[in-house]
Every structure is written in structure tokens, then in C-alpha cells.
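Student: As you go down the protein sequences, you meet chains X and G in turn.
Mapped onto the working numbering, the consecutive letters of the first sequence carry residue numbers 1 to 195.
Mapped onto the working numbering, the consecutive letters of the second sequence carry residue numbers 196 to 367.
I should point out that these hints are in silico values taken from the structure, not numbers from a laboratory.
Treat the hints with care, since some could be wrong.
If you want a taste of the chain X side facing chain G, the calculated C-beta under 10 Å gives, among others [to be verified]:
(1) 18
(2) 30
(3) 38
(4) 58
(5) 139
Glycine residues also receive a C-beta, built at the ideal position from the N, C-alpha and C atoms.
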Amino acid sequence: MVNYIWAFLIGIGIIYSLVTGNINTLNESILTNANEALDLILNLLPIIVLWTGILKIAEESGLLDKFAKLLMPILHKLFPDVPKGNKALGYISSNIAANMLGLGSAATPAGLKAMEELQKINPDKKTASFPMITFLILNTAGVTLIPTTILALRVAYKSASPGEIILPAIIATACSSIAGLTLDYIIRKRAKKWK
Amino acid sequence: MEVISKIILPIFIIIIVFYGVKKRVNVYDVFLEGAKDGLIATFNIFPAIIAMIFAINIFLDSNVLSFVITNVSKMIGGINLPLEIIPMALLRPISGTASLAIMNDIFKSFGPDSYMGRLASILQGCTDTTVYVIALYFGSIKIAKIRHALWGGLFADLVGIIMAIVLTNLFF
Numbered sequence: 001m002v003n004y005i006w007a008f009l010i011g012i013g014i015i016y017s018l019v020t021g022n023i024n025t026l027n028e029s030i031l032t033n034a035n036e037a038l039d040l041i042l043n044l045l046p047i048i049v050l051w052t053g054i055l056k057i058a059e060e061s062g063l064l065d066k067f068a069k070l071l072m073p074i075l076h077k078l079f080p081d082v083p084k085g086n087k088a089l090g091y092i093s094s095n096i097a098a099n100m101l102g103l104g105s106a107a108t109p110a111g112l113k114a115m116e117e118l119q120k121i122n123p124d125k126k127t128a129s130f131p132m133i134t135f136l137i138l139n140t141a142g143v144t145l146i147p148t149t150i151l152a153l154r155v156a157y158k159s160a161s162p163g164e165i166i167l168p169a170i171i172a173t174a175c176s177s178i179a180g181l182t183l184d185y186i187i188r189k190r191a192k193k194w195k
Numbered sequence: 196m197e198v199i200s201k202i203i204l205p206i207f208i209i210i211i212v213f214y215g216v217k218k219r220v221n222v223y224d225v226f227l228e229g230a231k232d233g234l235i236a237t238f239n240i241f242p243a244i245i246a247m248i249f250a251i252n253i254f255l256d257s258n259v260l261s262f263v264i265t266n267v268s269k270m271i272g273g274i275n276l277p278l279e280i281i282p283m284a285l286l287r288p289i290s291g292t293a294s295l296a297i298m299n300d301i302f303k304s305f306g307p308d309s310y311m312g313r314l315a316s317i318l319q320g321c322t323d324t325t326v327y328v329i330a331l332y333f334g335s336i337k338i339a340k341i342r343h344a345l346w347g348g349l350f351a352d353l354v355g356i357i358m359a360i361v362l363t364n365l366f367f
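One chain only, chain G, in its complex shape (with noise of 0.2 Å):
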């Protein structure tokens, strides 16, 4: 199973990068246009950052969290879930520069390689950002009903979160 995980970028790099040669593009030139482009949209998002990182990082040293979940456990007694990544959890469909601060934060205090920064590497990777697609997408149409869009969106990310949880556990 790790195998699988350590050879695909690999492949993936070898594929691309054959094939380019393998049709006669400029390869080289090629990567450093598109290099270039990425150079560009990460400056792009670098505000976004900021006022993610501000905001996340004040509600996160206030502590307010760990009064919420010393409350909540006590509520819920013995079931033992990882209540730290429900911030996550909830902002991961609304925006990902948060999730992706908080999963930042994670790293920071647990490491990358803990049971919380393995999950939340995975719940990161296994959803996206649900409302602020469906509002992007049906606002560039005009849709006014979006019906059951939005609550089947939410639905599979719940589905999910409940695996990234299972699969950190089975998998680690």
C-alpha cells in the first residue's frame, strides 16, 4: 500500500515528461512558462493567506477551542473523536486557504507525521470547497434554485470526513 503512494509522483512526472518529448514539445520552455503562471497565482493568493492565517491564528490562541471541546467530550462522555479537527472539518467546504490554515497549525503544534496531521492531510486532500464552488459556478449562470446541489455537495464531504477518520486509523 505505501509503495503505491511513494511511486505516483514519479510515474506521473516520467509520463508527462516523456510524452512532451515523445510529441516534439519544447519541454524545457514549456515548464518554465507554466512555472511561471504558478509563480504568479501563488503571489495571488498571498493576501487570501494573510487574512486567513490572521484570522485563524487569533481564534486559535485565544483557546477558545479548547474550552468548546473539554465542554463537548464532557457532553458526549466516553466516544473518543478527534474533536480538534472539526474546525477543519467545518471550514473546509467554505474555504480552503482556511483549511488549509488550520491544517498549517496542526503540523505546527502535532507534526506532520501524527495521527492529527495525517488526518488532516487527508481530509485536506479528499474534499474541496463545496459552497464557494456552487456559488462561483451557479453565479456565473445566473441560477437562482440550486436545489439539491448544495446539501449533496455537503453530503459526500460529510461521507468524506467520516473515511479520512476510518482510513487514518486503518491505514496508520
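Just chain X, same shape as in the assembly (with noise of 0.2 Å):
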């Protein structure tokens, strides 16, 4: 999909400029565009180097499982399919902590490992289970409580208060994620209804 998007977007781009006659504009674009993307990372890699040697500290002092464990509680009720001390939830857990400190590349092998672990309790491999539509629409909500790469790029073009969007994208990730999650719970109960 990403493939067939990016050639759309080159491809209007060109033709676009072409018709309307922005030759000049089109050849300096294309030219400059890649000190662009060298600027942009070099805007975001202090801050993204900072943040995971942070959060190593987190990983490896246990902070991080605590962390995961505070979360148990809610995941019980969240998932009541998944028997209780199964391996998955500890998956889950430890996904979402990561997420919600903004360590990306931590929270993928988990996830990973919850769909592999929710995967052997699944009666029909080929069709996904509720638990794991649950874990999807709670991952895929985001819920980021230090967004590095955003508070990165706004100390970079000199925000008078980079932080001050922390708060609000907050109470718009708390929000999503209850509808995605109310939304999923409406289709458990009809399904089960159904049966």
C-alpha cells in the first residue's frame, strides 16, 4: 500500500507541475528535497539517542515490567478471553508500557510475541480472535505519553513551549482509545449474541 502511495505522490507531483507550468519550482524540489530529510533527522537524533538511553534505564533497572504490571489489572478486564496468567497479557502489558513511553522499537517485538501467543489459543488460525482485534484497536490508538520525535522536531523550528501539546494529544488518545475499545465491545457482545 505504502508503495502504491508513494508513486501517487510523486507521480501527481510531476504531472501537476508539468500542466501547470512550475518547472523551476519542480527541479528545485527535487533537487533540495534530500538536504531536507538530512536536516529532518538531524533535528530528531539528539533527542531520539537521549530518550532511549533514558528509557534503557527504565528497561533494565525493572522500572519498565512494574510499569507493565499496573497495567495487569485493566488488561483483565479488557481481555476476558485470555485466561488469567497467560503469557500474552505479560506481552500486552509490556507492549503498551513501551508505546506510552515512546520507546517504538521496543513495544514491536511484544506485540509481536502477545499476536503469537494470542495465536495458540485461537481456535480458527486463519480468522483473527477477539483478543487480538481487542490488542490492535489498543495499539493502533497510540497511547504516547512523551512524544520525542514531535516535542524534537518543535524545539528544532523554535517553539516558544514544545511541551505544551503533551496534555491535549493525551485526552485525544484517552478519547480514541475508549471509542475504539467501546466500538469493539458492542461487536463482542452481538457476536456472542448471535451464537
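The task is to assemble the complex, starting from two chains supplied on their own in separate frames and drawing on the hints.
Tutor: Structure below.
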């Protein structure tokens, strides 16, 4: 899908520029784009390096696990079909904890492990089970407490208050998570009634 | 409200570092180790950043968007929606790098503290790459029927986008 979108953006951009006679801007854009990418990565690099360093301390000291354990009681409520003590719940909680702290690279392996464990208790291996869907909706709603890349870019563009967007972003995420989970809950209830 | 936003980061750092010391972790050494991982990870996404910045800038510099926006605004008439945010909202569920590239462009043209800059920041922060995550996670365990996972996730994203617009107006 990304392949088509990438080709679409380039195709439309070049064709529209040619049609409207914007050839100079187009050439300038093509030749300077890579520099802008370099600027962007240089802007992001320091704070990402700093934050992954800080979070590694949280990982090593066991703070991340402790944080994940705090999420357990909520997870039991959200995943009634997964037996208590199942490994999947442990992976799900570390995935969510890592996502919340903006540690995407640590979140993905835990997420994949969680899917593997959920697949083991899935009666139909070709079809997504309810716990899988609930997990994905929770995961894709993107609960992030520290959005490092956004902060880095806001600092780079000289924002007067880079962190001012954190709280509204958390509230917006909470709303979208609750909305997604509510929808999922309704669908689950209905499906069980039909059976 | 603003105070809470500002103290989140320092509080996090002090808790993490103090807890590390308490648990007798070699905080400095471990920091260096983690920072090195971050360095490698950032360099690994560099090709994707170049690719996305390239495509998105060609698209944005062609001005095709303002053509579309002018016509759509004429069609929907009086409703005052921040239409410039729509490409970002559309790409956000598919590619995090693409929406990052658009946010970069918005910061460049409007500034991070403008209405658009704040809205883009909140939007980038409150949703995730739904389509990508679903493809990756279900692909890894070979699930073919994903049922309501995709549209459930996209529904949550839509609520996130609406809330981002509402909260930007409310907060600033």
C-alpha cells in the first residue's frame, strides 16, 4: 500500500507541476529535498538518542516491567477471553508500557510475541480472534505519554513551549482509545448473542 | 493545565534515573548502551525519511493541494475546517514517516506554535500507524480474516482526529 501511495504522490506532484508550468519549482524541489531529509533527521537524532538512553535505564532497572504490571488489572477486564496468567497478557502489557513511553522499537517485538501467544489459544488459525482485535485497536490508538519525535521537531523549529501539546495529545488519545474499545466491546457482545 | 504538560518530562526522567540508582543499575553505562541503540535505529530510518520527504515535497510543492482545497472549500461552503491538515490525517494511519514529513512541512510554513503547527503536533501524537501495524501483526501469524480490526482501528483514529481539532481550539 505504501508503494502505491509513494508512487501516487510523486506522479501527481510531477504531472501537476508540468501541466501548470511550474517546472522551476519542481526542479528545485527535486534537488533540495534530500537536504531537507538530512535536516529533519539531524533535528530528531539528539533527542531520540537521549530518550532511548534514558529508557534503557528504565528497562534495566525493572521499572518498565513494574509499570507493565500496573496495567494488568485493566487488561484482565479488557481481555476476558484470555485466561489469567497467560503469557500473552504479559507481552501485551509490556507492549503498551513501551508505547506509552515512546519506545516504539521495544514495543514491536513484544507486540509480535503477544500475537504469537494469542494465536496459540485461537481456535481458528486463519481468522482473527476477539482478543487479537482488541489488542490491535488498543495498540493502534497509540497511547503515548512522551512523544519524543514531535518534541524534538518542535524544539528544532524554535517553539516557545515545545511540551504544550503533550496534555491535549494524551486526552485525544484517551478519547480515541475509549471510542475504539467501546466499539469493539459492542461488536463482541453482539457476536456472542448470535451464537 | 499548561503546568502539567511541562512537568511530565522532568518527572519521568527523575523517576527513571533515581529508580535505576536505587536498583543498583550502572545508570551511566546503561544510558550509553541505550543511546547507541537509538543512534542505530535513527540511521536505519534515514532511507525511509529521504524517500518520504522526497515524495511529499514534490506533491506539496506542485500546489495541487491548494487547487483541491480551494475547490473543496467552495463545495462545503461556510464550514471552517483546517483543510491543510487533511493529507496528514489521511496518511497518518498508513505511514508514520509520511505524516512526520508533512508535520515538518507545516512547521516550516506556519511555525510550530501556530494553530496548524499545534494541530499537526497533537494529531501526530494521538494516533498511530493503524494500517501498518495491522498488516505487520496479522501478517506475522498468517491471519487472513481480520474481521473488524481495520475499521475498528480507523474509527478510533477518526475520533482521535476530531478530538485533536476540538482540543486545539479548546486549549490554545
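Student: Take the hints in turn and mark each one as holding or not.
Tutor: Results of checking the hints against the structure:
With a least beta-carbon distance of about 9 Å to chain G, the hint placing residue 18 of chain X at the interface is held under the 10 Å criterion. Given the 10 Å rule on beta carbons, the hint for residue 30 of chain X holds: about 7 Å separates it from the nearest Cβ of chain G. Proximity of residue 38 of chain X to chain G holds as hinted, the smallest CB-CB distance being about 8 Å (cut-off 10 Å). Annotation: residue 58 of chain X was flagged as interfacial toward chain G, and the flag holds, the nearest CB pair being 5 Å apart, inside 10 Å.
A hinted interface residue such as residue 139 of chain X counts as satisfied when its beta carbon comes closer than 10 Å to some beta carbon of chain G; here the least separation is about 6 Å, so the hint holds.
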